[in-house]
Amino acid sequence: MNQKGQLDREYDILNFWNFPEGLGLKVKVGTFSPYLPQGQQLSLSEDKIEWATGDRQTPNSACSMSCRPGFRKSLQEGKPACCFDCTPCPEDEISNQTGECMPQEKFLGSPISPKPCKELPIDMEEK
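Residues in the sequence shown are numbered consecutively from 1, following the working numbering.
Take these hints with a grain of salt, some might be off.
Derived CB-CB ranges, DEER-like [stated by the list, open to error]: (1) G30 - M65: 42 to 48 Å; (2) E91 - Q57: 40 to 46 Å; (3) N18 - S43: 21 to 27 Å.
Quick caveat, the hints were computed from the structure, so don't treat them as lab data. We put the CB at the ideal spot given by N, CA and C, even for glycine.
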């Protein structure tokens, strides 16, 4: 870092490939350059990354699912912050896109019915 606390070097991003009998190989999979414009500073070759599963396809995180509308994220005790259960919002609150519950007035600016929306049948007849 320079005197202003900013990064002043380019960095290689390495992935360690493990082989049987303790052999390993460092493979350059990307770079980070603070000199490039925001959004272009990080460059990764995802097809070169080998995950612990031995696969080259990026694994899905079991913890990244979202909660349905009307539910909030509740952390699971003793587990990482990305692991949560979805629990219903209190009756006078609704959920937003981030999995948090908030008072209805704050979300919409005015009170709304706490009852969930009903799915209505679609009439496909021409009139």
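CB-CB spacing for S43 and N18 relative to the 21 to 27 Å hint | 24 Å, holds
Indicate whether the distance between the beta carbons of E91 and Q57 respects the range 40 to 46 Å.
-> 43 Å, holds
Indicate whether the distance between the beta carbons of G30 and M65 respects the range 42 to 48 Å.
-> 27 Å, violated
Consistency note: the structure conflicts with earlier hint 1 alone.
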